[in-house]
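Using the hints provided, position chain B relative to the given structure of chain A.
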Amino acid sequence: MRPVGPKEEVICPKCRRYVGPLEKCPYCGAKVPTRLSIRLLKWGGLAIAVFGVMFLYLDLHATHIIVREPQTIEISEITPTMNFGNVYITGKATFVKYYDDTKFLGMFITDLDNENVDIYIRAYDAETNRLMDMESQRLAENSPDPKFPAVGDIVTLRGQLIVRGGSPEEEGGFAMLRIQYAEGVKVERPETTRVTIENLVSNPESFGYYQRVEIEGKIISTGSIGWASILTIYENGSEAEISLMVPNLITMFGRTLDANIGDRVRVKGAFELYYTQPQLWLSSVDEIEVLG
Amino acid sequence: MTEEKICPACGKPTAGYVPCPHCGADPKNRMSLKPAMIICVIALCLGAVFFVMHVRTAGAQPMLISDIDRWQDYNYVWIKGTVTSGPTLSPTTLVIYVQDDSGANPLRVEIYDPAIKTLIAENRVPTVGADATIFGQLRVFIDGSMELRVSKSSDVTAIKTQAIETSIPEILDSWSTRQGLEYYRQVTLEATIVNLRPLSSAKIYTLEDNSGNTIEMYVHNGLMYLENKTFDFRLLQRLRITAGASNYTTTPQLALSDYDDIEVIDTQSPIQVSLDNIDSTLVNEFVRVSGKVMFVEMMGESGSLLAESYNIWLDNQYNPRVLLDGDVYKLLSDNARQQLKRGAAAELTGKVSRYGATFKIDLLGPPDLSLQSGTYEPPPVENVATIGISNLDNLVKVEGEIISEENIFRGLLPSDHEFVLQDMFGNNIKLFVTNTLYERMSYPPIVGDNVRVVGKVIQRGSWMAVQPGMLSDIEEVS
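Chains as they are written, first to last, in my numbering: chain A, 1 to 292; chain B, 1001 to 1478.
Here chain A stands alone, though its shape is the one from the complex (with noise of 0.2 Å):
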């Protein structure tokens, strides 16, 4: 190999072999001496990265100069530019699913202002199982606060977004909300209006969207579309009937739903038309109560 650099850098000044970079001569033991310029960028880049790191940490968990809170943003303001952008968005969950084969969540929320923007949100199997387990400890405890977003939910989430070819309004635009940290996701469950099943039924109009209702019924059938039950409430007196989604995945939480047919029961729900049928999608298995 050829001797590189200075001769009096690389040279040793007592014993003259080639030592390269090296400070201390191998051979004889003398110093070699080095450039300051070699030195200051040495020892001045490792200071510089440990203050950095020091400082990130410092920055991240108190001082907020450089780290700061994502923006929180508005679903419909949504553009391609954000792509893998940090955000915090709020809309209401109108589809909520748990994917077996994956076990991914996966769910649209709709734009508070305007219902016809939506945006789909994923949270991978370990985001997933954490809201789960957090769930489950909700329902063990009997806390109020829901963990896990059902339809008609207010939901906040803190998330990564993914935009391809377009806004989420143009044709082929996608957005998707990746959720990265279970814990950010703030679930706010409206408080329901009572109502009967025969103004549902008869005046479905009059209902908002995923408006959370309760009802008080009689369950006269069960039965199952796969990946949900659907019980059907019947209304003593107006004679009219409604029928009830009870998604599977609200029974994975710990706690099975515990009603039977001929059961008088109270429920809370969200109000949907499917095509021209009024039906309800209950959130929580705490949400159905059985009256007697």
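Treat the hints as calculated values from the structure; they're not laboratory data.
A hint or two may mislead.
As the list claims (entries may be wrong) - Not everything, but these chain B residues come out facing chain A in the computed CB check (under 10 Å): (1) Thr1092; (2) Pro1114; (3) Ala1115; (4) Ile1142; (5) Ser1154; (6) Asp1155; (7) Thr1157; (8) Ser1201; (9) Ala1307; (10) Lys1330; (11) Asp1334; (12) Arg1337; (13) Gln1338; (14) Ser1442; (15) Gln1467; (16) Leu1471.
For glycine and all other residues, C-beta sits at the position ideal for the given N, C-alpha and C.
Showing chain B alone in chain A's frame:
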């Protein structure tokens, strides 16, 4: 002293030897870097130009559905084939099935909003029989099911085929002897609505031609998103229909894709007949009958508390009963459901059928039933001891005090209820209330209540019993 020669490859002195005695490198064979770089740049530019030209000029290169496997999950592919089913529409998704010549099962294709809106606006919604070329992202699930997801309307090309004039027997024959995909096409035929079976997401109409051949027509409820119209056709209307010849499992079925593809030609008139003149010559014929509702029996399902059907007695207990299916009952207006009680004057169109030695009239959907409120009370039986085996299946009205109650076990369902009713003379008769009826009562009778009951006479073991049919047949009296 000559300049020391250094090997350009290993950097060691060569003392003028070629090749290098240390590494064997021969610098004379080295190509100059400059021409190599120029050649690379030219090749790169030509390659990029060729690639762009290829991408811009290449047409669809569909893959066979049978070639799709688990490794194709999330792959973007072209599919070319014939639409065999659909469209089913929701506000966010349009679903069709496409089959190609590979022999594989039809592939489910999901087209998402807002591409749906464009397809609808441009009248490009793929229909059965259309020759479709579609580009989208494949999903191949662990269970082997597959679907193609499409988010741009420009990725969907569907060339609709001209509808051919045909008849129900020709469609049925074509299905049984079909070859490849030739069966799936748009057809035009004339037929009469003879039945309707409502589902939660669709309505299944049964169509019949003049020779009694029938075929089902699938009308998806999502078609209402195509246009602001309601699909409101009536029983015995003769229609000229253009729809896709499709199938449900192994049964041929027509798939309607547009309400405008139906034209009402005329309405057939059912045979006007009085109830007591119904005989075997009218079996399978549609008849128009009228009478006063004497009694309505709600028949429960075996596995739930849902009403499976309603048995309507008109004028007297001997006339053929009118049978109304529970799903068809739900198609009645709120007003009609409220009026379907004892005493109502009814006029209806139904199909005569034979049930053992008796006849019945099936009130099929879309229900053609008009009702006018009225009252009817059967003559009261003051002494229940006079009710005997000779009164079996008669309509009676009894009154008395409930002195005992027994639950009749029904497995996982709530029990039926058997009460003992004591009349003013101290004679007893049983009152049998099915769980379907009992569970619908706001205030079920309890021991000590005085009740007035209208019901048919049945036999429960060695006892005679009265069985009410509807909620209004039991009333509490002071």
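Earlier hints that do not hold, by number: 7 and 15
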